[in-house]
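Construct the complete structure from the given sequences, taking the supplied hints into account.
Letter by letter, the chains look like this.
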Amino acid sequence: MLEIKGLTKYYRNTAAVDNVSFTVRPCEVTGYLGPNGSGKSTTVKMITSLLEPSRGSVLLDGRDIREDPVAFKRRLGYVPEEPILYSYLTGLEYLELMGRLRCLPPAVVEKKANELLDLFALYSYRHSPISSYSKGMKQRVLISAALLHDPDVLILDEPLSGIDVTSAQLFRYLLTELSNQGKMILYISHVLEVVEKVCAQVVIIYRGKIQAADSVERLRDLMNLPSLVEIFAQLVEERDLEQVARDIVGVMRS
Amino acid sequence: MQPSNSIWRALIRHFFQRFFDTESLSPQGEPEANIVQTLGLLAAPGGFLALLLQLLTIRGWSLVLIRCWFISFSMIVMGFIVVFEWDALFPDRRDYQVLTPLPIRLSTLFLGKAWALGIFLAMFLLDINFLSTLLWAGIDSGKDLFGILVAHMITVTLSGLFAALAMAAVQGIMITLLPPNLFRRVSVAIQTLFMGALVMLLFVSPLLADRLRGLLQNHSRLVYCWPGFWFAGLYELLRPAVKSTQLLELGHLALRGLAASAAVFVLTYLPGYRRHARKMLEAPLPSPSGPGSAHRAVSRLIDTHVLKHPVQQAVFHFINQTITRSTKHRLFLATYAGVGGAIAVLSLAGGRSGPLRLSLTLSFILVSALRAAFNFPSELGANWAFRISDTNHGSACLSAMRKWIVLCAIAPLFALVAPFEFASYPWLEALFYLCFAFTLSLLLMELMFFDFRKVPFTCAYLPGKVNLVLLVVIYCFGFTLYSRTMSNLAEWLAARPWAALLFFACSAAACFGVGTWRVRLLGRETVLDFEDAGDPEVRTLELHA
Numbered sequence: 045m046l047e048i049k050g051l052t053k054y055y056r057n058t059a060a061v062d063n064v065s066f067t068v069r070p071c072e073v074t075g076y077l078g079p080n081g082s083g084k085s086t087t088v089k090m091i092t093s094l095l096e097p098s099r100g101s102v103l104l105d106g107r108d109i110r111e112d113p114v115a116f117k118r119r120l121g122y123v124p125e126e127p128i129l130y131s132y133l134t135g136l137e138y139l140e141l142m143g144r145l146r147c148l149p150p151a152v153v154e155k156k157a158n159e160l161l162d163l164f165a166l167y168s169y170r171h172s173p174i175s176s177y178s179k180g181m182k183q184r185v186l187i188s189a190a191l192l193h194d195p196d197v198l199i200l201d202e203p204l205s206g207i208d209v210t211s212a213q214l215f216r217y218l219l220t221e222l223s224n225q226g227k228m229i230l231y232i233s234h235v236l237e238v239v240e241k242v243c244a245q246v247v248i249i250y251r252g253k254i255q256a257a258d259s260v261e262r263l264r265d266l267m268n269l270p271s272l273v274e275i276f277a278q279l280v281e282e283r284d285l286e287q288v289a290r291d292i293v294g295v296m297r298s
Numbered sequence: 002m003q004p005s006n007s008i009w010r011a012l013i014r015h016f017f018q019r020f021f022d023t024e025s026l027s028p029q030g031e032p033e034a035n036i037v038q039t040l041g042l043l044a045a046p047g048g049f050l051a052l053l054l055q056l057l058t059i060r061g062w063s064l065v066l067i068r069c070w071f072i073s074f075s076m077i078v079m080g081f082i083v084v085f086e087w088d089a090l091f092p093d094r095r096d097y098q099v100l101t102p103l104p105i106r107l108s109t110l111f112l113g114k115a116w117a118l119g120i121f122l123a124m125f126l127l128d129i130n131f132l133s134t135l136l137w138a139g140i141d142s143g144k145d146l147f148g149i150l151v152a153h154m155i156t157v158t159l160s161g162l163f164a165a166l167a168m169a170a171v172q173g174i175m176i177t178l179l180p181p182n183l184f185r186r187v188s189v190a191i192q193t194l195f196m197g198a199l200v201m202l203l204f205v206s207p208l209l210a211d212r213l214r215g216l217l218q219n220h221s222r223l224v225y226c227w228p229g230f231w232f233a234g235l236y237e238l239l240r241p242a243v244k245s246t247q248l249l250e251l252g253h254l255a256l257r258g259l260a261a262s263a264a265v266f267v268l269t270y271l272p273g274y275r276r277h278a279r280k281m282l283e284a285p286l287p288s289p290s291g292p293g294s295a296h297r298a299v300s301r302l303i304d305t306h307v308l309k310h311p312v313q314q315a316v317f318h319f320i321n322q323t324i325t326r327s328t329k330h331r332l333f334l335a336t337y338a339g340v341g342g343a344i345a346v347l348s349l350a351g352g353r354s355g356p357l358r359l360s361l362t363l364s365f366i367l368v369s370a371l372r373a374a375f376n377f378p379s380e381l382g383a384n385w386a387f388r389i390s391d392t393n394h395g396s397a398c399l400s401a402m403r404k405w406i407v408l409c410a411i412a413p414l415f416a417l418v419a420p421f422e423f424a425s426y427p428w429l430e431a432l433f434y435l436c437f438a439f440t441l442s443l444l445l446m447e448l449m450f451f452d453f454r455k456v457p458f459t460c461a462y463l464p465g466k467v468n469l470v471l472l473v474v475i476y477c478f479g480f481t482l483y484s485r486t487m488s489n490l491a492e493w494l495a496a497r498p499w500a501a502l503l504f505f506a507c508s509a510a511a512c513f514g515v516g517t518w519r520v521r522l523l524g525r526e527t528v529l530d531f532e533d534a535g536d537p538e539v540r541t542l543e544l545h546a
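From first to last, the protein sequence lines stand for chains U and B. Residues 45 to 298 in the numbering used here are what the first sequence spells out, letter by letter. Residues 2 to 546 in the numbering used here are what the second sequence spells out, letter by letter.
Hints in this document: simulated from the structure, not taken from any laboratory. Note that beta-carbon positions come from the ideal geometry of N, C-alpha and C, so glycine has one too. Misleading hints may appear alongside valid ones.
Claimed, not checked - Simulated crosslink set (EDC-like; lysine to aspartate or glutamate; CA at most 20 angstroms straight-line):
no., chain 1, residue 1, chain 2, residue 2
1, U, K155, U, D194
2, U, K49, U, D62
3, B, K309, U, E154
4, B, K404, B, E447
5, B, K329, B, E380
6, U, K156, U, D196
7, U, K49, U, D112
8, U, K49, U, D108
9, U, K253, U, E111
10, U, K155, B, D304
11, U, K156, U, D194
12, U, K241, U, D258
13, U, K179, B, E380
14, U, K179, B, D304
15, U, K49, U, E126
16, U, K241, U, E221
17, U, K156, B, D128
18, U, K179, B, D96
To be verified - So the derived label-pair ranges between C-beta atoms look like this:
no., chain 1, residue 1, chain 2, residue 2, range
19, U, T220, B, P413, 49 to 57 angstroms
20, B, P102, U, E125, 21 to 29 angstroms
21, U, L285, B, R106, 34 to 42 angstroms
22, U, A115, B, R10, 56 to 64 angstroms
23, B, L107, U, E96, 46 to 54 angstroms
24, B, Q38, U, E125, 33 to 41 angstroms
Structural data, given as C-alpha cells:
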C-alpha cells in the first residue's frame, strides 16, 4: 500500500501542495484529479523523489521511502506529465537504456522492449529517432518504459495526452488488467470519463489542498450529482463557464 | 498583396533572433546578452592586434604578411559563424509550424529569412573588422589616409563575405543535389569537418601567411590553395606594397572566387529553400533498418567482455549515442579537434621529438575535451530517466564512463598516431613511446575525472561559474609543461630499460592509488550529481575566523 501523509511543498512561502494525504491500494486504480496548476504534478514529483517535500512523508508498505529510496524506485514505474525523452535515441534504444538502468539482463531487455513496441504499434518505428515521433507515440514509449521492469507501483501522469482513440481504449483495458494483477496505480488525468470508468477511488485537489477523496459512487451519493464531471466542476470551478465563453467571443469580435 | 512594413519588421526580427536562440549560444535563454558577449569576443582580437602593431613601421613584404593575417582572420571567423549557424541558414521545423498557418506567403518568409541572414552576416563582418580598419592608418605607413582605409575595408569585408558565401553555397549545393536522408548525414559530417578545419586554420593561418613570399618566389602552385592569399593579391591590386606580378594575378582570382561563390549561393539557396520547406513539413517515414550487423556484433562483444553490469552497458551506449548524435557536443569536440590538428601540424614540424610530442599533446587535448564535453548537458529535461532509476549504481556509471574514454577515445587516437611513431622511430622505440604516452593518458584521465560524479551529459551546468581566462592560462601552461617534460622523460627512459620498467610500475601503482583514494573520498555508495550547485544567491564575505 502506498500512503501519502501530509505532503507539503512550499515555493517561496507559497504552498503549492498543502498537507496532502491519501492512500493508493493494491488491485486499485486511484484517480488524482485537479485543474491545471492545482498541485497534481508537484505531488507526483515528490512521490517519485524528483522533488524534495517541505513536509510530510510517503510510505510504501508501511516504510518511509526515504529510508531506502533505491528499493522504492526499483518497484516504481512512472510516466511523466511532459513526454521529455532523449530525442536523438530511437524508441528501441530508449527502452534498452531504461531496461539496463533498471538492471534487467540484456536478453530480457531486448525481448521485452521489442514485444512492448510491437504491442503498442511502434515496432515499425523502433529504429526511428524519437524526435520524429508524434506526441502520442512518445507517450506510448513512456508507458512501455514504465512497464518494462514489472513494477508494483505505477504513477501515470496524464498518460493519455496526445494518444489516439484506439490507444486510449487499449490503455483503459491495460489499467484494468494491471490493477487485476495487484499493482498500485495512481492515475492523474483530465479525461474524467476514463477516470470514472477505471478508478476505484478518486482524490480531487484544488489550489494545493485535497477537496475530496472517496469512491466515485460515494461522491455521487454524497453530493447528489450524476457524474464525476459535475462533481469536479462543483468542487473546483468557481466561475460561470458559460459566461466566460460568451466573454471570450466578445473579446474576439471586439 | 504586398506585405506591410510591420510584417517585414516582425519577420526579420524573428529570424534574426532565431540565429541566437540556440541551445549552444543561449542555454539560459538570454539571447540579447549573448549577442553582445559574442560581438565583443569577436571584435577584440582584430582590435587588439591592430593596436599592438601601431608601435611598428611596416612596409613591403611585412605589410603583405600583416594584411594576410587580418584577411585570414576575417575569412575564418565568418566561415566559423556560418558553420556554427549551419542549421539556421534555413528556417527550422518550429519556424514552419508557427509561420506557415499565418496568412504569409512562402516567398515573403524566404525574403524575410534572406534579409535576416544578410543583416546577421553584415553585423559580424562589421564587428570583426571595424576596429582594425579604424586603426589601420597607423599600421600602413602610406600617405593617402582615405585610400588606405577604403582598401583595407574592401579587402577584409570581401574576404569575409567570400568565406561566408562559400560555406553557405556548400550547404546550398548539398540541399539541392542530395536526397533528404543522405543530405542529413552528409551535412552533419561536413559541418563537423568544417568546424574542426576552421579552428585549425585559425592557428595555422599566421604560418601560412609567413610562407606567402617563399611560395611566390618558388612559383609554387600551393598559393592557389588558400583563398587568404587570393585576397592578399586583391589588396595588392588596390594598394601595391611589393609590386609582385604573381601576387597581383592572385587578386583577380579573389574576384572570380567571390563572384562564383555568390552565384552558387544565390542559385542554390532559393531552390534549396523550397526543398527544405517541403522536407521539414512532411512527416518522416519509418526507418526499418536499424544498426548494421557489424555494429551489432561490436556492441555485443563489448557488452559481453567489457561491460558486465547492465548499468555500465546503459551508460556506455548512452555516451556513444550522445557524442555521435548531439550537434552541440559534436561541434564542441570538433573545435578541440581543430586545436589538436593545429598542434599536430606544429609538432610534426618540431624536429626529432615532434612525433613523440604529438601523441602526448593530442591525448592531453582529447582527455580535457571529453572532460569539458561531458559537463555540458544534452536534453537536460530528459535526465529524469536516470534520476528515477536505481541510483545505487553510481560507481558502475563512472566505471562505464572511464571504459568509454579508453575504448572509444584514447585507444582510437593511439591507433591513428601509431603510424607516425613507427615511421619516425625504430619499431621498439616507437612501441615504447606509444606505451609511455598511453600510460600517461590513463593517468591523466584518472586525475582529470577524479571528482567527476556525473553520468555524462545529464547534469545541469552553469558556465558562468568558470573563470575562462584562468582556465586558459592553466591549460596552456600545464599543457606546454606536460608535453615538453614528458617527451624529455620518455627520451631519457628509452635509453634506460630498468627506469622504464620502474616508470610503468609506478604508474600502475599511481592509477591504483588514485582509484582507491577516489572511492574512499566519494564513498562506496557513490551518489551522482544531477544539479549544478551554482553560486549562492547571497554571497558572504567570509570574514569570520
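Hints and how they fare:
1. U/K155 to U/D194: holds (14 angstroms)
2. U/K49 to U/D62: Cα-Cα ~11 angstroms, so holds.
3. B/K309 to U/E154: holds (16 angstroms)
4. B/K404 to B/E447: holds (11 angstroms)
5. B/K329 to B/E380: holds (11 angstroms)
6. U/K156 to U/D196: This hinted pair holds, its Cα atoms lying about 17 angstroms apart.
7. U/K49 to U/D112: With Cα atoms ~17 angstroms apart, U/K49 and U/D112 stay inside 20 angstroms; holds.
8. U/K49 to U/D108: Cα-Cα ~10 angstroms, so holds.
9. U/K253 to U/E111: Violated. U/K253 to U/E111 sits at ~26 angstroms, over the 20 angstroms cutoff.
10. U/K155 to B/D304: holds (16 angstroms)
11. U/K156 to U/D194: holds (11 angstroms)
12. U/K241 to U/D258: holds (14 angstroms)
13. U/K179 to B/E380: Roughly 17 angstroms separates the two Cα atoms, so the pair holds.
14. U/K179 to B/D304: violated (32 angstroms)
15. U/K49 to U/E126: violated (26 angstroms)
16. U/K241 to U/E221: holds (13 angstroms)
17. U/K156 to B/D128: Answer violated: U/K156 to B/D128 is near 57 angstroms, above 20 angstroms.
18. U/K179 to B/D96: Measuring from Cα to Cα gives roughly 18 angstroms; hence the hint holds.
19. U/T220 to B/P413: 49 to 57 angstroms: Holds - the Cβ-Cβ distance for U/T220 and B/P413, about 52 angstroms, lies within 49 to 57 angstroms.
20. B/P102 to U/E125: 21 to 29 angstroms: With a Cβ separation near 26 angstroms, B/P102 and U/E125 satisfy 21 to 29 angstroms, so the hint holds.
21. U/L285 to B/R106: 34 to 42 angstroms: holds (39 angstroms)
22. U/A115 to B/R10: 56 to 64 angstroms: Between U/A115 and B/R10, where Cβ atoms are some 59 angstroms apart, the hint holds.
23. B/L107 to U/E96: 46 to 54 angstroms: With Cβ atoms ~50 angstroms apart, the hint holds.
24. B/Q38 to U/E125: 33 to 41 angstroms: For B/Q38 and U/E125 the Cβ distance comes to about 35 angstroms; the hint holds.
Hint compliance for this structure: hints 9, 14, 15, 17 are broken, all remaining hints hold.
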